[in-house]
Structure formats: structure tokens, C-alpha cells
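Just so you know, the protein sequences line up as chains A and B, in that order. Numbered per numbering that gives the first Met the number 0, the first sequence spans residues 0 to 251. Numbered per numbering that gives the first Met the number 0, the second sequence spans residues 0 to 342.
None of these hints come from the bench; they were simulated from the model. Note that the structure is a prediction, hence the values are computed from the model and not measured. Check each hint, because a few of them may be wrong.
[Said to hold, decoys possible] Computed spacing ranges between beta-carbons, pair by pair:
hint : chain 1 : residue 1 : chain 2 : residue 2 : range
1    : A       : 220       : B       : 32        : 37 to 43 Å
2    : A       : 183       : B       : 24        : 43 to 49 Å
3    : B       : 25        : A       : 158       : 29 to 35 Å
4    : B       : 170       : A       : 158       : 26 to 32 Å
5    : B       : 137       : A       : 155       : 33 to 39 Å
6    : A       : 181       : B       : 171       : 49 to 55 Å
7    : A       : 246       : B       : 136       : 55 to 61 Å
8    : B       : 13        : A       : 232       : 46 to 52 Å
9    : B       : 137       : A       : 246       : 56 to 62 Å
10   : A       : 37        : B       : 136       : 58 to 64 Å
11   : B       : 215       : A       : 181       : 23 to 29 Å
12   : B       : 136       : A       : 61        : 23 to 29 Å
13   : B       : 214       : A       : 181       : 19 to 25 Å
14   : B       : 13        : A       : 37        : 18 to 24 Å
[Unchecked claim] Stretches of chain B that chain A covers, calculated by requiring three or more beta carbons in the stretch to come under 8 Å of a beta carbon on chain A:
hint : stretch
15   : 90-104
16   : 168-177
Glycine included, every Cβ here is placed at the ideal spot set by N, Cα and C.
Each chain, written out:
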Amino acid sequence: MVVTEELCYAPGILQKLDPRGKLSTFVLFIVITGLAQSLWILAIILALILALSFLSRVPLGFFLKRILLFIPIFTAVIAIPALFITPGKPLIDLAGKIIITEQGAHTAVLLVMRVLDSLSLGVLLILTTPWTKLLVALRWFHLPSLVVAILGMTYRYIFLLLHTTNSMFLARRSRTIGSFSGGENRRWLAQALATTMAKSQHLSEEVYLAMVARGYRGEVFILDELSLRRRDFLWITFALITALILLWGIHL
Amino acid sequence: MHIPDGYLSPATCVIMYTASVPFWYSAVNRVRKALTNRTVPVLALFGAFSFVLMMFNVPLPGGTTGHAVGGTLLSILLGPWAAILGVSVVLGIQALFFGDGGLLTFGANCFNMAIVLPLVGYFIYKVIASDSEATSSRRVLAAVVGSYFGIVAASLAAGIELGIQPALFHAIDGTPLYAPYSLDVAVPAMLLAHLLIAGPVEAAVTGLVFAYMQRSHPSLIKADESGGKAGKIWILWGALALLALATPLGLLASGTAWGEWGVDELKDMGLGFIPQGLEKLAGWWPALFQDYGVPGTGDVIGYILSALVGLVLIAFLLWMLGRWLSQKNSSKSGSFSKGEPRS
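Given only the sequences and the hints, what does the whole structure look like? Please build it.
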């Protein structure tokens, strides 16, 4: 669940690309995934994703575990009732009462495939792009610097606060024998949450003072310089051609 | 409530982005104007807190768990516009790093959880709290009720977004292309889960944390920003009554068929037998059997749609009115803007 930045610096093909080009082409592919209405287009996109992740040295097992474990399985479970309740031509007749319709089967597979593709694209982007670079790219796309600054800092302090609350759980468990009632658990959770909130508030004050001590005057500057190279143009050209072919396939 | 990519058509996603952009725009502007240099660290830390809050699974009576969003809590402590920004940032990070929600559906998720939720929650909180003391128990009640209806309103919005998909986007042979469940399935499923599980969790967490904050950090609770003069407060009370009526009525109006999804009722409905696999599923996806029932629920859908539109409109308009009233007779003050010169 916790994200490592290790893969962002592996010597792969996607890691070498400029984040702006990567971000926009990946969003384009996600849009195409949204527009696709046939399974074979979604299958082609999935093949493309797997090829890219292989070329980017993303371990296949790790990649599949990250995306398959979570949302697609959840989606598949959600899609099961659709098999039966979607009106249409009967495909399989179970005991004469419950009928799986052709349309139901189609919509369920379509939903799962589309979720799988979109999610894989997002995961692949985030696995191969350092967060700071992505923020620079977002700033380049005119996201207000206020928002970029908050995004960056929120991400950092999420891990600190998670660590803090984990320590609180551990501290409690290490002093506990036996089990608690639901009421006791709720009381403790309320205290833990409120303490975390108070800590957040206190920390924000300290962080603010530390920022002021380092010359912060309410403006955010972003230092990273980005440059488009030849491989970026090659990638963008490749992505655009692929996108056009896929769009042509969608309208066929 | 996080909708992943693939559940909503790109057209819906574009519309939801369009609906969210004005709120983001004015949130950024207002936060920039109203707050100070502290804005960035404060929002970052409270955003991170909201993220952590979503990870706390609270044990519920009956053996299940649920988690809170904390949007109403943030809007009470930081103001609704800052809450819009804070929760949007958290949703963005969740979509990118944790696969919770998607990039195309980001606009829709933000509309539900970062805009509808804090605005509705904050509005109700303001109305009930009116000008009571910062440490009064009336404010705890306000926070509890506000956060409950905030999350229920957000789930209603999500249910409608999901529910309109099959009617609007389907192939020639009737195959739904995106989320496959129609309004009469999606809306009750979302509403029921949030009325009964997530809503109480959100309300309890908000109330407990709020009560604790009153005792330990009363300075964080803005009491001096009054909710309008006593003479005009009746308008807000009237609106609250309307809101309170509108939300659960969507469920009540349709009678027993919607509220009771038990396996027993299904047998009464003439289904005869229940397959075992489906019987297990019934516990958590109760709306599954809806289509075996009556298909002609068009008027109910219309009712729910109008209830939502009315709810959001009333909430927003009256919240603006309240703001206007309070700006007229009190100087602006907030816990994070005291004595801080703007650079």
C-alpha cells in the first residue's frame, strides 16, 4: 500500500521521459480507455500497458499485485449482480429461474476491463514518476502554486501522521492484556483522533515557523527545471499515433 | 464513495469537472485572500489528518466497521472553502497513489466529497449552532447533525451519478457501457449504506473529535463568526427543516419496497428460491434484487432528482445568504488569521 519511489529511478523507458509529456499522454490513454466500448480495444490497451511496464523494469508480479488485488476484484464482485439483472438475450439459464443475459455478461466484463486498464495506467504513471517531478509538471499545466504546495506538503505529512497514529496503536497494544469492548474502543479512537488532530494543528504551527525562519513570505517557488528531449518527442509521437489508431478502432 | 475510473462515462466526467471547477476556482481565490502565510502548512496538515481519518476503521455495533471522511469537521475548523481545497487535495493523492478513485472521475469524487459534503455539513452546522458559545453542547449537536447530512447528501449525489449511466450510455443491444445499475438500484444502495453505516460513523467521529477539541483547543472553534441576527435566523431554520425532510423522504416516499431488502421479502415477492451465492451477497449489496420487483419507478426517480437539486440549491443559496448576513454585521475573524500581516 505504501508507495516506494525506488522504481521511479530504475533505468527504464518511462522513467527517462519528461513528466509533462508522460502525464498528458497517460491522461489521453485513460480518456481513450473511457471512450472504448469494445473488449478488444481494452485488451490492446492492456497489452500496451504490460509492454510498457516490462520496458520500464516494473516487476510484473509487483505490478499485478498492486492493481489486481484491490479495485478490479472489488469491481468484479460489484458487477456480478449485473449478470442477472441486465435485461437482454439469455446466455446461460441457471435452473430456469436465474438467467445470465448476454448483455449482462458483456457489461460486467466491460466494466472490469475498463477499471483494470484505467487503474493500471494510473499506477504505471505514479510508479515511474517521482512525486516532485509530477508536481512540477502540474504547476507547468497551470495548477495554482498554492494547490501544488499544499499537495506536496500534504503527501509528506500523511506519512508522518500515519506513523504517529501507528505508534499510538502500538503503544496501546503493548500495554494491553485481554480485549476491549466496542464502547471502550470507540472512546479510545475518539481520543486518538482528537489527539492526532491537535498534533496536526501544533505541527502546522511549527512547520509554519520553520518556513518563516527560512525566508518563506507566502509565495511558493518551484525550482525543478524540466526539458523536453528528443526521446520525449519520440514518445509523444508514438503515443499520439497509438491514440489515433485506437480512436479509429473505437469508431469502426 | 470513491468512484474509480471506468464507472462513469467520459461525458459525465467532463460535466462533473465543469461543475467542480467554479468551486475550486473560488476556493483558491478565497483561501488566498482570506487566510495568511499559514494557509499552506495548516491546510497540508489538516488534509493529511483527513487522510488518516479515512483510515481509522471504527467498530460498529453489529460487527461491521466504517470510516469517516471528515469534510464537515474540516469545514467547521477551517471554513468551508478551505475544506473544499483540503479534501480535494486528499482525494487527488488517494486517486494517484492508492488507486482510491480515478483521474477521470476525480471531478465527480471531488464534487461529492469535497464540495457537497463540506458545504451541506457546514451549512447545517451554522444553522444549528447559530450564535451559541464555542464550548456549548449545542455546537456538538450541530457538528453531529451537519456531518451526518453532509455525508448522506454526498452519497446521494454519487448514487445519482452512477445511476444515470445505464440509461444514458448503452450499446445498441442494451448493454450498459459503464456502471450497470440504474437509479432505482444505485441510489438506494448508496443512500442505505450511508444512512445506516457511514453516516453514523461520520457523525460520531465528528461529534467526538469536536467535543474533545472544545475542551482541549477551544480556540480552534470559530464562535465569533455569528450565523446571522436572531431576527433573521428563522429563514435558516426553515431551510434546515426542508433539508432534513428532503433527504430521508427519498427513501420513505417509495414505501417498504425500498427500505426492506431482506431475503424474506424476496421470497414474498414471488422469487421462489434464493441462490446461495446471492444470498450471501444480499448482506452487503442489498439493492441487487430490485429489478425483480417493479420496474416502473419513474416518478420516484424524478422525486429523488428534484430532492437532490433542491437540497444542493437550498443549501448553497442559504449558506450564501447566511454568509452575507454575517458579513454585514461582524468583522471577519478566524482562528488562523489573527494578527498575521499579509506579505
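**Prompt:** Would you say the C-beta atoms of residue 137(B) and residue 155(A) sit inside 33 to 39 Å of each other?
**Reply:** Because 38 Å falls inside the window, the suggested range holds.
**Message:** Taking 18 to 24 Å as the stated bounds, is the beta-carbon spacing between residue 13(B) and residue 37(A) within them?
**Reply:** holds, 22 Å
**Prompt:** Between residue 183(A) and residue 24(B), is the Cβ distance one that fits in 43 to 49 Å?
**Reply:** Between residue 183(A) and residue 24(B), where Cβ atoms are some 46 Å apart, the hint holds.
**Consistency of beta-carbon spacing, residue 246(A) to residue 137(B), with hint 56 to 62 Å** = holds, 58 Å
**Message:** I want to verify a distance hint. Is the separation of the beta carbons of residue 13(B) and residue 232(A) within 46 to 52 Å?
**Reply:** Violated - the Cβ-Cβ distance for residue 13(B) and residue 232(A), about 28 Å, lies outside 46 to 52 Å.
**Asked** Could one say that the CB atoms of residue 215(B) and residue 181(A) fall in the range 23 to 29 Å?
**Response** holds, 24 Å
**Message:** Tell me if the beta carbons of residue 220(A) and residue 32(B) are separated by a distance inside 37 to 43 Å.
**Reply:** Violated: the Cβ-Cβ distance is about 21 Å, outside 37 to 43 Å.
**Prompt:** Within the assertion that chain A covers the stretch 168-177 of chain B, do at least three residues meet a Cβ-to-Cβ distance smaller than 8 Å?
**Reply:** holds (count 7)
**Within 8 Å of chain A's CB atoms, at least three CB atoms from the stretch 90-104 of chain B: coverage verdict** = Check passed, 10 qualifying residues.
**Prompt:** For the pair residue 181(A) and residue 171(B), does the Cβ-Cβ distance stay inside 49 to 55 Å?
**Reply:** For residue 171(B) against residue 181(A), whose Cβ atoms are near 52 Å apart, the range 49 to 55 Å holds.
**Prompt:** Range hint 29 to 35 Å: satisfied by the CB atoms of residue 25(B) and residue 158(A)?
**Reply:** holds, 31 Å
**Request:** Go ahead and decide if the range 55 to 61 Å is satisfied by the Cβ distance of residue 246(A) to residue 136(B).
**Result:** Given a distance of about 60 Å, which is inside 55 to 61 Å, the answer is holds.
Going through the hint list in order, the structure does not satisfy hints 1, 4, 8, 12.
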